[in-house]
Amino acid sequence: MISPKNGKVVPIVLDGKDVEVPEGINLVEAAALHGKEIPHYCYHPQLSVAGNCRMCLIEMGTPMRDRATGNSILEDDGSPKIGWVPKPVIGCATNVSPGMHVKTESKNVLDCREGIMEFLLVNHPLDCPICDQAGECRLQEFATDYGRGYSRYVERKNVKPKRTRLGPRVTLDDERCILCSRCIRFCQEVPKDDVLGFVDRGSFSTLTCFPGRELDNNYSLNTVDICPVGALTSSDFRFKMRVWFLKESTSICQESSAGCNTTVSSREGEIFRITPRRNDHVNDSWMTDSGRELYKSVKSSERIYSARIKNDSTTSDAALLEAIQILKGKSLGVVGSCKSSLEEQHLLAQIAKKTKAKQFLRGHFGEDDGILLSADRTPNLRGALITGLTKTYPEDHLSALSLAIQKKKVNAIIVVGEDLLDSKVDQALLSNIPVVFIGTHENKTSRIAKVVIPSLTVFEKSGTFVNRGFFAQAFNQVVPGPAGVLPDLNILARIKNGLVEDLEQSADINLIWDEMSSVRNSVLKEVSFTQVKKAPVLLNGSKWSDLPFVEKDALHYQSSGKIRVKG
Amino acid sequence: MIKKNTPKERRIILKHADDPKYSNRIDCYLREGGYAMLKKSLKMKPEEIGEEVLQSGVRGRGGAGFPAGMKWKFLDRKSGKPIYLICNADESEPGTFKDRQIIHKDPHQLIEGMMIAAYAIQAKQAFIYIRAEFFEGAKILERAIEEAKEKGFCGEKILGSKYSCDLVVHRGAGAYICGEETGLIESLEGKRPNPRIKPPYFPAVLGLYQCPTIVNNVETLCNVKHVLEIGGKAFSEIGKPNNTGTRIWCVSGHVKKPGYYEFECGALTLGEMIYDVCGGLLPGRSLQAVIPGGSSSKILRADERFSGKLKDGTEFDWGVEDIPLDFDGPMAAGTMSGSGGIIVMDDSVDMVEAMANINAFYAHESCGQCTPCREGSLWMRKITKRMCDGGAREEDADLLLSVANQIEGRTICAFGEAAAWPTQSFIAKFRDHFEDKAKNPERKKSSLQLI
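Which chain is which? The protein sequence lines are S and W, in order.
Offset between the first sequence (1-based) and the working numbering: plus 1028.
Offset between the second sequence (1-based) and the working numbering: plus 19.
No wet-lab data here; the hints were simulated from the structure.
All values derive from a computational prediction rather than experimental measurement.
Beta carbons: idealized from backbone N, C-alpha and C, even for Gly.
A portion of the hints provided could be inaccurate.
[Stated by the list, open to error] Which residues of chain S face chain W? A partial, calculated answer using Cβ under 7 Å:
| no. | residue |
| --- | --- |
| 1 | Leu1085 |
| 2 | Glu1296 |
| 3 | Phe1300 |
[To be verified] Here are the computed distance ranges between Cβ atoms for each label pair:
| no. | chain 1 | residue 1 | chain 2 | residue 2 | range |
| --- | --- | --- | --- | --- | --- |
| 4 | W | Pro260 | S | Ile1110 | 30 to 40 Å |
| 5 | W | Phe93 | S | Ser1100 | 23 to 33 Å |
| 6 | W | His123 | S | Ser1100 | 20 to 30 Å |
| 7 | S | Lys1324 | W | Arg96 | 53 to 63 Å |
| 8 | S | Gly1098 | W | Arg50 | 50 to 60 Å |
| 9 | W | Lys168 | S | Gly1098 | 30 to 40 Å |
| 10 | W | Gly338 | S | Lys1109 | 37 to 47 Å |
| 11 | S | Glu1183 | W | Val187 | 39 to 49 Å |
| 12 | W | Ser98 | S | Asp1139 | 32 to 42 Å |
| 13 | W | Pro260 | S | Asn1099 | 48 to 58 Å |
| 14 | S | Leu1138 | W | Arg96 | 40 to 50 Å |
| 15 | W | Lys168 | S | Arg1306 | 55 to 65 Å |
| 16 | W | Pro219 | S | Ser1100 | 52 to 62 Å |
[Claimed, not checked] Computed list of lysine to aspartate or glutamate pairs in DMTMM-like fashion (alpha-carbon distance at most 20 Å, straight line):
| no. | chain 1 | residue 1 | chain 2 | residue 2 |
| --- | --- | --- | --- | --- |
| 17 | W | Lys168 | W | Asp46 |
| 18 | S | Lys1185 | W | Asp369 |
| 19 | S | Lys1327 | S | Asp1308 |
| 20 | S | Lys1115 | W | Glu427 |
| 21 | W | Lys210 | S | Asp1228 |
| 22 | S | Lys1115 | S | Asp1043 |
| 23 | W | Lys463 | W | Asp369 |
| 24 | W | Lys97 | W | Glu67 |
| 25 | W | Lys448 | W | Glu427 |
| 26 | W | Lys143 | W | Asp46 |
| 27 | S | Lys1580 | S | Asp1396 |
| 28 | W | Lys404 | S | Glu1470 |
| 29 | W | Lys276 | W | Asp37 |
| 30 | W | Lys210 | S | Asp1222 |
| 31 | S | Lys1135 | W | Asp369 |
| 32 | W | Lys210 | S | Asp1221 |
| 33 | S | Lys1561 | S | Asp1308 |
| 34 | W | Lys92 | W | Glu67 |
| 35 | S | Lys1562 | S | Glu1276 |
| 36 | S | Lys1220 | S | Asp1396 |
| 37 | W | Lys448 | W | Asp417 |
| 38 | W | Lys210 | S | Glu1217 |
| 39 | S | Lys1185 | S | Asp1222 |
| 40 | S | Lys1190 | S | Glu1203 |
One chain only, chain S, in its complex shape (with noise of 0.2 Å):
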């Protein structure tokens, strides 16, 4: 893991270059700084280092000294002398030290690649036509990089089992596998669920499950993203899609409120499979298997694809009209959602703000994990915070939104996917109080609305989460959404048009930023959208330090030590 020691950095001589590396770190990450790839199959920056797949080996020598003495030993013309260690050295557990000599390029160490490539290719099937990880593929980059381009073994391969279970979600391909141990190290390290090992000897070993176990973790499928061949495949993804038709947005998972970096890969407008993205502060290379599903919500059959008025279908800019109809000059309760992004959740708050609407949220929670799974199942609890959607820690329940209704202070309502029914309010309350849902997916409410708006899902639109560690982070299109829905920015912007009597509201996510950002005292102050695409920004949470987040210590999170209160 890169670990630069207070920002230290140290010389060393790569290629006959003299460079600058943060100290501490491994000739491969040093190599990588400027711009020299040093090829590695077993090497996983986040996890140990194992040493095993001596695909890295490179030649290394330090600055020799007098034992005697400790002075250096210089050459005739007054540099150091370097003592070259005789065998080639491992990059990867090799840490830089001042003055350290290496040749990533020499003939030897070509010799070396050339050498192991031609050793995990003896016993490898060679099944690119029908393998899933063609196409990103190490071996088989590195084959085209280091590979001899013949073949010099006549013999006969090993033969392995093709197609093992190794749990609900991933199958093996042992005869594929190059024996990196990256999936065993990761199992033992992040899931701390030791499951995976290799059994038999030699070029005989086979990676399999304990006696009696299963890879079934909520983790599982990260071993399939660091396998840096085709041996473990999602059971899901199998033989379903060639990877090099598939375009990769960046995206932010919604799962909870950990904000797991995403890249979503679809292929004409259909979804295939999200995998994570590196982020060293938020979710290093992983996320939960439970996450990669939720793209499967997309073609859900409880899609809400048209417009609703009292269970007529219509268009969205009649359902909109009417909408502002009957909520116009009513006392409005507003409930938004955790699950909304920055911006759509300002818009709300602006709404509720200009028609003095009473506002309601809640959240909702569940297991921790101590991981990437948080007890918030919620992306954007955080946001509801920043842009004033409520002032409290929501609870997970709507109860203070029926004491309202029976108090008679709301008499209409706008739902942003909530399901009240399923919140503590009562059907019976709002037989006589027109509800508006905008949501994604029928619930019991938006059965019970007077008016249902579609709106998009997170693959289908542009926005901004707020992690739990503060991290505002901004997710992107991935597909277009279903024909004639409307982007909830355009919804909540029309919504707001019509009922408030103010300057034109744009629906522009960067003009809503702009908004955003000028509220005084914001802590978006001095942030825009650009910035927040280009790489998360941390913002100051400082302010609500003081509230009952629900979060466990977990990767990259410490938790405020507060427990949150059932009630």
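Got chain S; can you put chain W on it based on the hints?
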């Protein structure tokens, strides 16, 4: 060939090995003055024992020949972590059978040597890691430890002193790689014996359970006792400078009297060993090749000559018979004395078949952790097997050599060299045999079944 003044064996370690009146029980050992050195050592300072061992110049008898006293010096004593001592009794190098003799015939000598060493390095716990196949040896050692404990020679408060160190026997499960010290440590921790990467896992710093650990061979640890008995300085005068003490040579193969023989280092040459000590070759046979230090050392061809300069400056010009049996002699001849397993091959041996058997061993025993050794050893096995089965090609010799070259120096542990050296040396010295296979692929009727 027969010389008149054949040097006499000098038995230090195996002094009582073949004495019919000597048993492996403690009464017998005590009667012969056993455990006196342990008593003596407990009165010394631990560092003093280390100094004696360093001064004696005793080199490791497991194969690498690294000075034992130096190894002890590398021990990280500042970490505050417990220190462990492990006796490597995983004697698995083909052609080697010396440690078994010690364990079977004089186990208390090993225990005494170990307890002295343990005290010298201030070990908290000592282990004897014994290979799975030594069923009897493990039983004998366990009984011997039991006996020693009853008499207070190991365990709590040894001989009434403040020093305590328990000693246990741990049996392997039958893998050659467990003889590699970091593989052994992994195995002792209950894991697959995959050798560790060095750096950072040097046993003297991060060994067993990530604590400083010393791993010594059985014969080396026995020598510790004799160093104390004889004195470091006096011990260093046995044998030759830099090659001190005696060595047990295990001679096998086509000689009349194979067996174990203990000589002072450098007291005799390879030729004297084969022709005088071991009674020479079988009638009508001539010497073809010798593997001088266990199957992984490089083979010597009978008609080879070696010349050059030794470290001390003396020039040499040797035939195979002239190579002195010590550490540096075989090294000067481009091979090594390794574990002392001398394998003699006469002209009845088909060198390709011999190679096939050696390759079969290394392919079977490669742990499979790192790529070159895992894939290379099996590939070499498949090539030599095919050659012996009638499928030899002219280019196979070059291919074998190239595969071996791709393994050597690129692996995690020394097993890579162990697997590559035989092939490299066989091809270098018997290339004609390999090339001939392509022309005459038929197997000889006298050929034995391959492994």
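Verification of the supplied hints:
no.: 1; hint: Leu1085; verdict: holds, 6 Å
no.: 2; hint: Glu1296; verdict: violated, 40 Å
no.: 3; hint: Phe1300; verdict: violated, 32 Å
no.: 4; hint: W/Pro260 to S/Ile1110: 30 to 40 Å; verdict: holds, 32 Å
no.: 5; hint: W/Phe93 to S/Ser1100: 23 to 33 Å; verdict: holds, 24 Å
no.: 6; hint: W/His123 to S/Ser1100: 20 to 30 Å; verdict: violated, 54 Å
no.: 7; hint: S/Lys1324 to W/Arg96: 53 to 63 Å; verdict: holds, 60 Å
no.: 8; hint: S/Gly1098 to W/Arg50: 50 to 60 Å; verdict: holds, 54 Å
no.: 9; hint: W/Lys168 to S/Gly1098: 30 to 40 Å; verdict: violated, 48 Å
no.: 10; hint: W/Gly338 to S/Lys1109: 37 to 47 Å; verdict: holds, 39 Å
no.: 11; hint: S/Glu1183 to W/Val187: 39 to 49 Å; verdict: holds, 44 Å
no.: 12; hint: W/Ser98 to S/Asp1139: 32 to 42 Å; verdict: holds, 39 Å
no.: 13; hint: W/Pro260 to S/Asn1099: 48 to 58 Å; verdict: violated, 30 Å
no.: 14; hint: S/Leu1138 to W/Arg96: 40 to 50 Å; verdict: holds, 43 Å
no.: 15; hint: W/Lys168 to S/Arg1306: 55 to 65 Å; verdict: holds, 56 Å
no.: 16; hint: W/Pro219 to S/Ser1100: 52 to 62 Å; verdict: violated, 25 Å
no.: 17; hint: W/Lys168 to W/Asp46; verdict: holds, 13 Å
no.: 18; hint: S/Lys1185 to W/Asp369; verdict: violated, 27 Å
no.: 19; hint: S/Lys1327 to S/Asp1308; verdict: violated, 32 Å
no.: 20; hint: S/Lys1115 to W/Glu427; verdict: holds, 9 Å
no.: 21; hint: W/Lys210 to S/Asp1228; verdict: holds, 13 Å
no.: 22; hint: S/Lys1115 to S/Asp1043; verdict: holds, 17 Å
no.: 23; hint: W/Lys463 to W/Asp369; verdict: holds, 9 Å
no.: 24; hint: W/Lys97 to W/Glu67; verdict: holds, 18 Å
no.: 25; hint: W/Lys448 to W/Glu427; verdict: holds, 18 Å
no.: 26; hint: W/Lys143 to W/Asp46; verdict: violated, 27 Å
no.: 27; hint: S/Lys1580 to S/Asp1396; verdict: holds, 6 Å
no.: 28; hint: W/Lys404 to S/Glu1470; verdict: violated, 68 Å
no.: 29; hint: W/Lys276 to W/Asp37; verdict: holds, 15 Å
no.: 30; hint: W/Lys210 to S/Asp1222; verdict: holds, 13 Å
no.: 31; hint: S/Lys1135 to W/Asp369; verdict: violated, 37 Å
no.: 32; hint: W/Lys210 to S/Asp1221; verdict: holds, 16 Å
no.: 33; hint: S/Lys1561 to S/Asp1308; verdict: holds, 17 Å
no.: 34; hint: W/Lys92 to W/Glu67; verdict: holds, 12 Å
no.: 35; hint: S/Lys1562 to S/Glu1276; verdict: holds, 16 Å
no.: 36; hint: S/Lys1220 to S/Asp1396; verdict: holds, 15 Å
no.: 37; hint: W/Lys448 to W/Asp417; verdict: holds, 13 Å
no.: 38; hint: W/Lys210 to S/Glu1217; verdict: holds, 16 Å
no.: 39; hint: S/Lys1185 to S/Asp1222; verdict: violated, 30 Å
no.: 40; hint: S/Lys1190 to S/Glu1203; verdict: holds, 6 Å
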